[in-house]
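From first to last, the protein sequence lines are chains A and B.
For what it's worth, this note's numbering labels the leading residue of the first sequence as 366, then goes sequentially.
For what it's worth, this note's numbering labels the leading residue of the second sequence as 366, then goes sequentially.
It should be emphasised that the hints constitute simulated quantities derived from the structure, not laboratory data.
Careful, some of the hints might be misleading.
Copies of the same chain look alike in the list, so a pair counts if it fits in one copy or across any two.
Straight-line C-alpha distance at most 25 Å; calculated SDA-like pairs for lysine to any residue [said to hold, decoys possible]:
1. Lys459 / Ala506
2. Lys459 / Val486
3. Lys459 / Thr442
4. Lys459 / Arg371
5. Lys459 / Arg501
6. Lys459 / Gly555
Protein chains: 2
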Amino acid sequence: MNAHLRMVGFDGDDTLWRSEDYYREAQHAFERIVSGYVDLDDVHDRLYEVERRNIALFGYGVKGMTLSMIETAVAITDARISAADLRHIVDIGKSLLQHPVELLPGIREAVAEIARIHPVVLITKGDLFHQEAKVRESGLADLFRRIEIVSEKDEATYARLFAEFGLAPAEFAMIGNSLRSDIVPVLRLGGSGVHMPYPLTWAHEAQAELPAERTRMRSVTCAAELPAALRSL
Amino acid sequence: MNAHLRMVGFDGDDTLWRSEDYYREAQHAFERIVSGYVDLDDVHDRLYEVERRNIALFGYGVKGMTLSMIETAVAITDARISAADLRHIVDIGKSLLQHPVELLPGIREAVAEIARIHPVVLITKGDLFHQEAKVRESGLADLFRRIEIVSEKDEATYARLFAEFGLAPAEFAMIGNSLRSDIVPVLRLGGSGVHMPYPLTWAHEAQAELPAERTRMRSVTCAAELPAALRSL
Chain A
366 MNAHLRMVGF DGDDTLWRSE DYYREAQHAF ERIVSGYVDL DDVHDRLYEV ERRNIALFGY
426 GVKGMTLSMI ETAVAITDAR ISAADLRHIV DIGKSLLQHP VELLPGIREA VAEIARIHPV
486 VLITKGDLFH QEAKVRESGL ADLFRRIEIV SEKDEATYAR LFAEFGLAPA EFAMIGNSLR
546 SDIVPVLRLG GSGVHMPYPL TWAHEAQAEL PAERTRMRSV TCAAELPAAL RSL
Chain B
366 MNAHLRMVGF DGDDTLWRSE DYYREAQHAF ERIVSGYVDL DDVHDRLYEV ERRNIALFGY
426 GVKGMTLSMI ETAVAITDAR ISAADLRHIV DIGKSLLQHP VELLPGIREA VAEIARIHPV
486 VLITKGDLFH QEAKVRESGL ADLFRRIEIV SEKDEATYAR LFAEFGLAPA EFAMIGNSLR
546 SDIVPVLRLG GSGVHMPYPL TWAHEAQAEL PAERTRMRSV TCAAELPAAL RSL
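Just chain A, same shape as in the assembly (with noise of 0.2 Å):
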């Protein structure tokens, strides 16, 4: 059983609460704007590349995507886009900063069931201002020990964590829907993970490699089963 875990990880994005869905909505708004101009069968392929080209410097988050989606319009229509337009454009981003936050089925429930065994502890990626904002929105924050913004979920950053939380990998398991950003990391270095897939993914999420060694991962298919899984592991 799971006598070693000592405390447990939740995701935000797509995890507790929808997020890829407003997203996907907000790249439809941006694809009937610019078919005005061209008729282009990889405008989502083209705003794909100047986001992913732009990460490095503006990070994850609706800020970034937004400033992304502006100049790529104005790349693929050769700067003949008009500046209403490109308004537009600043207001999809401005939409999706204030979309409602809408906890996933059963999520609530087994927040708080896990709470009642171990300490849980939120771990979500991008921008601080609207990950605070949303974690306030989704009344959940009491329920977690520690809230961690961070701006990239990989190795380095859990190891970091974990030394703050005075915890050794083994002890921690993280549940989350993006295998790239939850789960490979903290398996890595020794960690548990629950993998909760969520119907729509970021390509950039989807991009992950996970180790042959599986003893320590499991799958759910929904919040409900997430406190049986971490009993298992």
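Using the hints provided, position chain B relative to the given structure of chain A.
Just chain B, lined up with the frame of chain A:
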């Protein structure tokens, strides 16, 4: 003397390294672009008004400021500004994110001297990704016990940090250039503050009301005076 002090905090922007200079340059570049369309005396005020309104949504930092510049440029040109010029505004933001980290005179020596006596922490506000990049590039990261990047520096934030650090407010002194963000909230909580003004101050940070009782506050004109100011507290 300061036997009661158990930790000293430093602000980042315009305390450890230059920042406001680069924002001013960016604003001048913005004003040059819009001056090709309109002849207005109050471009700066209009931009500040949009920024101030957007802070509740964007938080602090370059990416939000760049989006506010685009919004302002479209508004004050009645949407006559070209896509190419709006793209130039995106580039202003990008170059602001890449400006070199230039330490203020004597700050490295002052931080090192204070770190030999007290644990020092860095408490900086703004965009997580950009602030982390500046901390890395500053070469000062190893001197700090902890690095806290927060979305707002108010009494609630300092109170949360004191709890995390296991400190009473009276055991903490904060060093920074902003009365509003570095000095007033810490004094109000019962801590100490050393104000080191920077020649340029963003209008937003200049808004502050000092408490009448200022026995726990010092002011210095340069970094070399910091160790003595702390000793005198």
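* Classify it for me, Lys459 with Arg501: is the Cα-Cα distance of at most 25 Å met within a copy, between copies, both or neither? => Result: close within a single copy only, 18 Å intra versus 30 Å inter.
* To do: Could you place Lys459 and Arg371 in one of the four classes (within, between, both, neither) given a Cα distance threshold of 25 Å?
  => neither (39 Å within a copy, 42 Å between copies)
* With 25 Å as the alpha-carbon cut-off, assign the pair Lys459 and Thr442 to within, between, both or neither. => both (23 Å within a copy, 21 Å between copies)
* To do: Go through the copies and call it for Lys459 and Val486: within, between, both or neither, with a Cα cutoff of 25 Å.
  => For Lys459 and Val486, the Cα distance exceeds 25 Å both inside one copy (28 Å) and across copies (34 Å).
* **Copy assignment of Lys459 with Gly555, given that the CA separation must stay at most 25 Å** => neither (40 Å within a copy, 38 Å between copies)
* Please work out whether the CA atoms of Lys459 and Ala506 approach to 25 Å or closer within one copy, between two copies, in both situations, or in neither? => within (24 Å within a copy, 34 Å between copies)
Consistency note: the structure conflicts with the earlier hints numbered 2, 4 and 6.
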